[in-house]
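Asker: Protein chains in written order, with our numbering: chain P, 7 to 326; chain B, 26 to 404; chain Z, 104 to 480.
The set of hints was computed from the structure by calculation and includes no laboratory data.
Since we're looking at a predicted model, the values are computed, not measured.
The reader is advised that the hints may include incorrect statements.
[Said to hold, decoys possible] Calculated lysine-lysine pairs in the DSSO-like style (CA-CA distance at most 27 Å, straight line): (1) Z:Lys-197 / B:Lys-104; (2) B:Lys-72 / B:Lys-134; (3) P:Lys-244 / P:Lys-300; (4) B:Lys-72 / Z:Lys-477; (5) B:Lys-104 / B:Lys-72; (6) B:Lys-104 / P:Lys-80; (7) B:Lys-92 / Z:Lys-197; (8) B:Lys-104 / B:Lys-134; (9) B:Lys-401 / P:Lys-95; (10) B:Lys-375 / Z:Lys-270; (11) B:Lys-134 / Z:Lys-197; (12) B:Lys-104 / B:Lys-92.
[As the list claims (entries may be wrong)] Just the calculated beta-carbon pair ranges, DEER-fashion: (13) B:Val-61 / Z:Gln-216: 50 to 60 Å; (14) P:Gly-249 / Z:Ile-320: 50 to 60 Å; (15) Z:Leu-430 / P:Gln-136: 48 to 58 Å; (16) Z:Asn-364 / B:Phe-292: 26 to 36 Å.
Ideal placement from N, C-alpha and C gives every residue a C-beta, glycine not left out.
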Amino acid sequence: MPNDGNISVRVDGLVKRFGSFTAVDRVSFSAYRGEILGFLGPNGAGKSTVIRILCGLLRPSEGSVIVAGVDVGKDPEGVRHHIGYMSQKFSLYNDLEVSENLRFFAGLYGVDRGIAGDRIREAISLAGLQGHEHDLTGTLAGGWKQRLALGCALLHRPEILFLDEPTSGVDPMSRRQFWDLIHGMSGRGVTVFVSTHYMDEAEYCDRLVLMNRGRVVAMGTPPELRHLVKKGALLLAKCEPLGTALQILQGSPGVAEAAVFGNSLHVRVEQAEDALVTLPAMLESRGVKCVSLKPIEASLEDVFVQLAGEQSAVRGGPDR
Amino acid sequence: MSPRRLIAMSRKEFIQIVRDPRSLLIALLMPVMQMVLLGYGVSLDAKNIPVYVYDQEGSQDSQALLKRFQASPYFDVRKTVNSYRDLRYAIDSDRCKLAIVIPFDFSRKLRDTGFAPVQVIVDGTDDNTANLSKGYARAVIARFSADVQHNWLQRQGMPIAASNGNISVDTRIWFNEDLESRNFIIPGIVALVMALVGALLTSLTIAREWERGTMEQLLSTPITPSEVMLGKLIPYFMVGMADAALCLMMSVWWFGVPFRGTLASFFTTTALFLIVILGIGFMISVAIRNQLGASMIALLVTLMPTSLLSGYAFPIDQMPAAVRAITYLVYSRYYVTILKAIYLKGVGVKALGAEMTALAVYAAVIGLLATRAFRKTLD
Amino acid sequence: MFGRIFHMLLKEFLEVKRDKWERFRLLVPPLIQKVLFGYAATFEVYHVSTAVLDLDHSQESREMVSRFTGNGRFDVEALPSSSQAMRGLIDRSKITVGIRINPQFGELLRKGQTAPLQVIVDGTNSNTALLALDYVGQIAARFSSDYQRDYMNRIFPEYQVMLPSAKMEERPWYNPDLDSQWFFVPGLVGSIALMTIVNVTSFAIVREREIGTLEQIMVTPIRPIEFILGKTVPFFVLGLIEVALVAVAGALWFGVPFRGNPLVMLLGTSLFLISSLAVGLLISTTCRTQQQAFASGFFYLTPAFTLSGFAFPISSMPTVMQWITYLDPLRYYLVVLRGTFLKGTGLAILWPQMVAMAILGVAMFAVSVARFEKSLD
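Construct the complete structure from the given sequences, taking the supplied hints into account.
Answerer: Structure, rendered in structure tokens:
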């Protein structure tokens with residue numbers, strides 16, 4: 007952990023309201039130089055709003071936001087030279103050629119003429135688009151577009167990179183390559199903010215901020231977050247029929263939670279040893295065949311389901 | 026203001042115009058189409074007015090009068106009918122616009138009482154054509170009347186001097202010597218084309234970035250609002266100036282409209298007008314993120330006032346006072362006045378001082394508002 | 104089949120109700136256009152700004168000047184003292200007509216010679232100039248004949264009654280005051296209907312294509328013709344309502360008479376709407392985005408207006424242009440509108456227009472439907 011006090015982003019008590027709707031509710035966190043900070047949460051959790059505020063695209067309603075030493079609330083323009091941003095939707099010009107897009111953004115970021123050529127070549131090779139410099143951007147496949155957009159966001163060598171759901175709609179191979187690039191960035195000391203709703207991608211991050219309904223639910227490294235679940239144990243159950251099993255388990259004593267994951271159930275119990283004995287017997291007695299039941303390591307998705315569940319329980323509202 | 030960012034923005038915008046066939050069509054084909062269409066289609070001149078005749082008398086005198094109508098280039102005497110019912114049918118079915126009815130006692134009255142009426146029926150549906158043809162008919166009849174008097178006095182052996190009190194109206198028509206409506210309408214069409222092209226193209230520039238999602242990326246860069254505005258408008262300004270040159274060439278070489286002013290004054294005023302139009306288009310585009318809505322509004326605030334309230338075809342000084350007051354707010358009013366003066370009068374900038382000032386003030390205000398219109402935040 | 108069409112209709116109606124831009128487009132531009140056109144569009148010359156330069160100062164010249172100052176049409180705004188000054192007034196567009204009475208005007212008249220009355224007119228607006236000249240001519244002629252009669256009366260009282268002259272008695276039919284509003288208001292009904300219907304129809308289908316709902320609808324058992332009917336019938340009804348509104352508002356507000364049979368106008372309107380719907384449909388088959396539809400609509404609407412005779416008489420156009428106007432449905436519709444409004448004509452007179460619109464409408468609709476079905480594949 008680069009926890010050397012070298013803070014590049016500090017957010018304190020951030021609130022963003024749209025009319026009467028509170029999209030971001032008292033969010034605080036810090037990010038350190040060279041760190042990959044992941045924002046995790048379902049759609050509408052407020053991840054994109056936080057990132058847009060950090061980029062100065064939206065003004066905070068309350069709280070302080072310092073990015074690269076600049077108070078974004080007071081000087082949204084001042085932060086632009088230090089950051090690169092890649093939005094949720096692909097947002098380069100489809101009717102411009104690859105090299106024209108890069109030249110355009112190099113111009114906007116004020117990249118020195120002398121080095122702009124080199125930077126553009128670098129961006130092209132980073133995106134693996136050699137030989138496609140004069141293709142219309144609109145004709146590129148999704149993965150290439152994403153990497154080109156990343157290349158554009160990096161032309162001016164920003165200290166901090168904001169990526170809002172960068173891999174949505176991109177095939178798994180390309181996602182993998184994309185993450186390799188992000189790791190490369192962080193290796194060079196660039197702080198990277200990534201929002202995603204792919205739980206598997208969260209494992210690539212140094213630290214995670216879990217958000218739900220505008221609030222930070224939890225924060226920490228992936229192992230730390232997984233550890234949060236270990237109040238109790240997680241079991242994987244394969245049962246037949248699944249639906250009846252779920253119904254039975256949800257009401258049983260000793261079971262904290264049961265949820266469907268693919269074609270099996272994740273069951274969180276207070277005591278693994280006891281449950282491994284009692285549960286199969288109970289299920290069999292109610293006519294459900296228990297094919298297998300074994301303890302497993304909690305995934306981030308389990309963490310999220312648990313934490314989000316606790317939050318709704320506290321607020322008393324129905325879960326989305 | 027960084028020249029580097031400005032150039033990058035303008036170059037991008039220019040590539041997009043050139044690469045989008047629709048913008049190109051609007052930018053290049055639209056002016057030509059409008060010029061040809063309006064140049065040929067818009068004419069107020071009444072020529073070859075279809076005329077029916079109902080000659081109740083059939084005398085030498087009545088025939089002499091009718092011959093004069095036949096000889097007039099304004100009238101096309103098509104048919105002689107024998108009843109009012111036929112006339113009515115002819116006018117109802119648009120077969121004729123004007124009918125001459127010569128009463129059965131025409132020659133007798135001419136001889137005995139010295140006063141012979143000739144009935145001229147005009148189809149009042151189109152009031153302007155009716156007014157013009159009425160005027161031509163009056164002139165024909167007056168000339169006939171004068172000749173009859175002249176002959177009569179001669180036959181009476183009276184001195185010609187007795188036909189006293191003759192006044193010859195000695196007309197000098199300035200600026201548009203042949204009174205061709207094309208000459209006064211075509212300069213106005215230049216304004217119409219500029220308004221149309223400028224508004225349609227610029228009203229979309231910002232809206233398009235929103236709809237295609239490229240705006241967020243643009244906003245996250247260090248570019249300033251005034252750089253966005255200038256960078257986006259410079260290419261359209263150049264397109265507009267090129268269109269103006271195209272319109273000028275077509276009007277002079279194709280339609281033969283006289284151009285008596287200087288090119289410098291033409292392009293200076295056109296530049297001012299373009300700043301106004303583009304600024305308005307840009308502000309609309311900023312305010313309305315929906316491309317469709319933006320183009321609708323753009324037409325409403327540019328094309329509509331330019332075609333109706335600028336005086337390009339409908340004379341401003343004949344409008345009701347309230348409407349005339351509104352025209353002072355219509356920037357195209359000044360441009361059209363200047364254009365007509367430059368084309369037909371050839372007067373210098375001095376005589377047009379008031380209009381020039383008004384247009385310049387308009388351009389300055391709109392330009393200033395446009396730089397402030399664009400905000401670099403999402404909320 | 105009717106169930107499916109009904110559901111299409113319902114959906115269309117709901118969409119119009121919810122879409123802010125749709126409502127805007129249906130209401131605001133037609134209203135503004137109507138009012139502006141009604142008031143601003145006139146070719147008539149009600150007042151001519153005039154300057155009179157009297158270099159004679161005789162009794163005759165003063166009489167002549169008073170004829171101009173006493174005439175309601177001429178606003179004598181200046182009495183310049185030199186030709187130079189008068190020239191300046193015209194240059195600066197302060198006046199349209201300059202009347203110059205030369206020295207010896209009265210003397211010439213008294214000697215029985217022809218006295219010239221010099222009229223300088225700013226020809227920039229040829230139409231205004233022509234009409235103004237006609238009015239000047241009328242004043243001069245009246246002065247002349249009055250003077251003559253007076254003279255004859257004094258010198259040859261016995262001949263006075265006999266001096267022959269032919270006078271024009273004008274009878275403007277259908278629009279006795281030759282009021283411009285009577286000309287433009289019926290025409291506006293047609294042009295507003297055309298603009299609204301072509302726009303709305305082309306957009307409605309293109310939008311479905313753009314957001315992908317067209318595909319969704321086409322995988323249901325609906326047949327193309329049902330889809331087209333479901334799409335066009337609401338706009339047909341909408342068009343009828345709009346025409347009725349604009350016509351009634353125009354007639355009441357601007358006091359334009361309606362002398363014909365409303366049913367004849369309804370028939371003409373229906374035939375015209377069919378051709379307009381067909382154009383909208385045709386545009387929607389060739390365009391992929393609403394933007395394209397907007398531009399294409401524009402490319403159709405401008406010539407359709409210019410060549411319809413809405414403001415500029417078809418008979419003054421070059422022959423080739425006149426041929427093209429026969430392809431413009433608006434041309435026929437305007438004849439029907441002006442006929443029913445002002446002339447009170449019926450089918451006996453208007454049937455050729457009806458037939459022409461029916462032929463154009465059906466042909467255009469057939470082509471559009473064929474193209475549309477193809478564009479779905």
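Asker: Does the structure break any of the earlier hints, and which numbers would those be?
Answerer: 1, 2, 4, 6, 7, 10, 11, 14 and 16
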